[in-house]
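Got chain A; can you put chains B, C and D on it based on the hints?
There are 4 protein chains.
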Amino acid sequence: MAKKQLRVGMIGYGFMGRAHSNAYKQVGQFFPSQHEVVLKAACARNEAEIKKFAAQWGYESVETDWRKLVERPDIDVVDVCTPNNLHKEIALAAAANKKAILCEKPLAMNAAEGREMVAAVEKAGVPNMVWYNYRRIPAVTLAKRIIDEGRLGKVFHYRAKFLQDWTIKADLPQGGQGLWRLDVAAAGSGVSGDLLAHCIDTSLWLNGRLESVCALTETFVKERMHNLTGKVEKVGIDDACTFMGRYENGSLANFESTRYARGHKALYTLEINGENMSLFWDLHDLHRLQVFDYKDPDAKGRGWKSVHVTDGDHPYMGNWWVPGLAIGYDASFTHQVADFVKGLETGKPEGPTFRDALETQHVLDAILDSAKSQKWVNVGRG
Amino acid sequence: MAKKQLRVGMIGYGFMGRAHSNAYKQVGQFFPSQHEVVLKAACARNEAEIKKFAAQWGYESVETDWRKLVERPDIDVVDVCTPNNLHKEIALAAAANKKAILCEKPLAMNAAEGREMVAAVEKAGVPNMVWYNYRRIPAVTLAKRIIDEGRLGKVFHYRAKFLQDWTIKADLPQGGQGLWRLDVAAAGSGVSGDLLAHCIDTSLWLNGRLESVCALTETFVKERMHNLTGKVEKVGIDDACTFMGRYENGSLANFESTRYARGHKALYTLEINGENMSLFWDLHDLHRLQVFDYKDPDAKGRGWKSVHVTDGDHPYMGNWWVPGLAIGYDASFTHQVADFVKGLETGKPEGPTFRDALETQHVLDAILDSAKSQKWVNVGRG
Amino acid sequence: MAKKQLRVGMIGYGFMGRAHSNAYKQVGQFFPSQHEVVLKAACARNEAEIKKFAAQWGYESVETDWRKLVERPDIDVVDVCTPNNLHKEIALAAAANKKAILCEKPLAMNAAEGREMVAAVEKAGVPNMVWYNYRRIPAVTLAKRIIDEGRLGKVFHYRAKFLQDWTIKADLPQGGQGLWRLDVAAAGSGVSGDLLAHCIDTSLWLNGRLESVCALTETFVKERMHNLTGKVEKVGIDDACTFMGRYENGSLANFESTRYARGHKALYTLEINGENMSLFWDLHDLHRLQVFDYKDPDAKGRGWKSVHVTDGDHPYMGNWWVPGLAIGYDASFTHQVADFVKGLETGKPEGPTFRDALETQHVLDAILDSAKSQKWVNVGRG
Amino acid sequence: MAKKQLRVGMIGYGFMGRAHSNAYKQVGQFFPSQHEVVLKAACARNEAEIKKFAAQWGYESVETDWRKLVERPDIDVVDVCTPNNLHKEIALAAAANKKAILCEKPLAMNAAEGREMVAAVEKAGVPNMVWYNYRRIPAVTLAKRIIDEGRLGKVFHYRAKFLQDWTIKADLPQGGQGLWRLDVAAAGSGVSGDLLAHCIDTSLWLNGRLESVCALTETFVKERMHNLTGKVEKVGIDDACTFMGRYENGSLANFESTRYARGHKALYTLEINGENMSLFWDLHDLHRLQVFDYKDPDAKGRGWKSVHVTDGDHPYMGNWWVPGLAIGYDASFTHQVADFVKGLETGKPEGPTFRDALETQHVLDAILDSAKSQKWVNVGRG
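So the sequence lines, in the order shown, correspond to chains A, B, C and D. Sequential numbering of the first sequence, starting at 1, is according to my numbering. Sequential numbering of the second sequence, starting at 1, is according to my numbering. Sequential numbering of the third sequence, starting at 1, is according to my numbering. Sequential numbering of the fourth sequence, starting at 1, is according to my numbering.
Nothing false has been slipped in among the hints.
Which copy is meant is left open, so a pair is good if it fits within one copy or across any two.
Straight-line C-alpha distance at most 35 Å; calculated DSBU-like pairs for lysine-lysine: (1) K348 <-> K300; (2) K123 <-> K68; (3) K40 <-> K98; (4) K25 <-> K3; (5) K342 <-> K4; (6) K4 <-> K144; (7) K231 <-> K154; (8) K300 <-> K222; (9) K300 <-> K234; (10) K300 <-> K265; (11) K98 <-> K4; (12) K40 <-> K342; (13) K231 <-> K52; (14) K295 <-> K231; (15) K231 <-> K169; (16) K123 <-> K144; (17) K169 <-> K265; (18) K295 <-> K234; (19) K52 <-> K40; (20) K154 <-> K222.
These are calculated hints, taken from the structure and not from any lab test. A quick note: this is a predicted structure, and the numbers were derived from the prediction, not measured.
If we strip away everything but chain A, and leave its shape as in the complex, we get (with noise of 0.2 Å):
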């Protein structure tokens, strides 16, 4: 009855890496298993900081080079919370060394990167999962099992969006702690790859493969400071992208990202039209479902009905606390961890694995070339 270690190396000490380690240290109270999640090592290379960031989380060691990590036997699962620029390199690096995987999103800088990134992992057989953790706040969740149950009928529409205004103050570097989501070296993209990706695999879970788009995007301030060079340099992300799409299933895609809306931190909204039912939701009250039923029986009373997705029957909410007492945030990267682990002793793997997430990244190739040759064009496979 002894439990099976899981022993984790962390790579990265940031929001992520925060984020991440906290989910560690409450699956096994909230979502007890088989397995009992070790907190072995944390690495970064400002050997300074990741000390500190050990200490206070509770990691057993440091690391301060990657490679090192990675190859140490005592180490299960390889945590990727690094720049994007570096995902690829450590993900096969990991997978050579037959580590499970959870790489932060988006999996790659493009995909033909996720694809390499695919075909390691699958050939190394080892276990992965990349954290768009959206689909494991509940009210997404419960998004999700209504739709599997078919309620919806024909679906017309698909609208989300992702606003923030965090980058308006033109004073801000490229670069640098906290920021690196500025440089295009590190991050890719900028807006496209940052925020619509989590609106990407979102949908991706919840109405199928997205054929084809067109895409516009936008660099409001064209030059910021780079913090290695010290010089105003030309800013070569996409500081809001908005794009419109075909779905397999025939509904439509209308999609917007930016940095620049004014009052709006983390405004991710997702919408569904379906010919017997819509459901919205928004991250800035992330334990609510808007749920419109067509069907109600009551039809001269329908409406929009706000679900509170708090009660012990609400996907996740049995483990937590009781009805009406919200969780927050966080709590979705714990559900992560706990699927993860679930998906280790079912064998059926919890997605989304790099492969799914490889989808994703085929969207986003074909977002920023339509908004490059300002055509529709269609998304990649496989």
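The following block gives chains B, C and D in isolation, referenced to the frame of chain A:
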């Protein structure tokens, strides 16, 4: 096929005089019937003002003495829009002259006056109605229909609030144009007769009789300049009034009204909690009814449903525009006139009649008695 | 001091015929001026119907031939409430007869027709206006005032949606009473001319010229029975239309309209994101403007402010009731008539004039061209 | 630089036992200090259950007799998570053993018990705190900061509700696992001690002392099966409780709590209306504070501002994620532990201490007395 004329004599020309006049003018276009409402005469002591009002609204003639108006043979309906302290005298005279009477709320200064008025109209056998217009906001009427279908089951709670903030300024005089509601001699009471009267009327209609109450009143600004004397005098009205109570059906009442709730303009909200269903309505979003249905077959998807009451099959709405397009507060008066006319045509008077409104006076008397005695008080009858 | 008469000849008696008539009747009571609007004649081919309409709304006479109406010397203003395919012909004839013209939106079937109409009214020198009524919902007018004060700073984004769900039923015929909007011959287009036209007009007013667009249209129900032939025929309208665009001021556009968004009746929403302030409005709660002010001196307490636009100092509201009491959708037409009259009295015509509305036609043409060619299209001018 | 250990002995393992344990585990990662919280021992009579709990949460040892626990020299802090009827006895023993005490709310069964407990901890000089966790929901803490800045001006009203619906089912037993809150012998009272206690604590913190109250209680389900006797017995708790009151600062109180408000899971709302500002908060959307600021320089744009309390400069939020990402209900406990530790380090104890919580007991006693006597009752002191 000629329509029967309903010749209105309007006494008063303030806020309510305008609201009623608009309703008289709209009713024939939106709710055609066998009657034609004719704006025959408008009456007020100030001749210049009433002439201006009559010209603007299309009244055929004016009077400066209400006694003359109620005696005119070419008047069928007397509309009493004066301050509260004149309601009784005018209504008695109108009844004596066999006029139908539409009286502003509250019916009277107190239950004793109300009793006299009920006796007068019933003895005279004249149609009578009181302008508790909120019954005919479509969302409130929809609530009534749902309740009458028995969908709530046993009722546990009824709560209502009417919050405003317009008298916080200490330099507002008591009395004068638009300010007679601050003068106890003209108004009889403060927020209780002005605002709670509406809440009580709706609640008696939706939830039945109140048996007993216990109230708290407060006058925050103790002295104000009086417009008649020009002197600073003690304020006689209640600025705020809260009461608890017990309904005949076993449910509990919690009512509150104030003119000192900063940020609320006319926040009349009501909520009723039944075993199987709860309903909520808010005047600030008057076109929505919030419905929680415990019998929702979608047990894992229960939530508060926001019903946008603008469909053709919602109460009154088939006579207006198309779904999604809201009507205003003012339409409630148009609906009331339409129903008053319907009552004439069917022979079944629509409420609230003077007798219905007398019940509200009894509750108001009990509230003020309780606030004074600091004890629970049984609500009077008949 | 006698008022000058403004004798209206109304062509059409449907939804808009009623909405405009209500406005003509209300304007003198709520927005008194030196003019008196007189309902002189109503016109439609169906004599029985137009007589009934005229009787109900108080039109003095009827016509069954619009050519006669526009020639009548006792008509000052022609109100064009016909299907779109008749706008041009009627407007040209009315202009030739020196009538002022109030034309329903969209101005025309396309920009070419619109150009002719602009030329005609400008040559004739007759007052002219198009019923894009949403400019005069008080919350929208307030948005305009705030923008004109320069409080937004540089604008980054403008987005608008107009979502409905009333044509999801596949057995709805194309054409016939209340359904001409489904018939491409009568309507010219589907949601673009019907719904996006409103969104475009408001946006041009609030945010200036659109330079280029890229659009996607879809017709979900490909064939419907035609009311004239009784046969199932190909549907020629767009059921859904999404477009992206670029404004002259550098901001990006994201617009979407559909009649297949289950749960939305008339969800016209607009949002504008500026450097210093964002604004949001929603027709389903038309009396509220949502404002985010980055310059809020309470920096730690920034948030979206829900302004209940019912105070006396809000646009138009001083002429209605008291704070907190909402007016309806219909009031926007009353405001438009009031402003039209004001334009006559001041000599400064209030928009949207035919020339203003021609801009919207150019955008509509560009959208439909783009959807067909699958390319970005520059918006035409003049 | 070694941290000082704070060795916790937890008594109880239910809902609160879990919530506190999660807080103890999180506090070091999110709110690092000079102390290290160690989960030393967990205690409950049921040995199998407490062993399971200890294993899951990482407690080093277990006890089945709380007397042993409070005497253990390796325990620094005793956390009392038992039913209310055991609080006093345990606290007295813990104080006698010089343990710091963190006691679940309400402090005691009544003020008399509470007085003994206060005397005990003060005499022993041990740190003490009561788990009124809602003070440390960031939006509520923000409200406190705003109030302390004096921005509200004179306060007129304070209202709070705590509405639930989980005991409507008549076949729920009184007593037993998770149901001791229905057993008057274990709980002391119903919604008053359970739910209103929270509302009262927050209000005393935000608005000062309550001077007098007048209350109404009701027990809707009069008899329930008792889990201990297996017989249907009279229910001794209050199912619903409403009270009015007067604060020392001249403002009026309106409080209500029930477990019979269908559709509400844990709807704790509070509102305070001041001369210059009003604040509103709702546990169902716990990350938002609604603020109405009459001093808003934008006088024509006043409205209720929805502050999404997730920015780095909002209370506690700098230690969590990034703007827009909400934390859960559970974080309030983590904040409380963080502040408890801070109190130890600064020497200035953070509230609510036992003495603070005694005030709430006095209000609860007054409420129950008033409901019984049907009279106004002055709130006891000290």
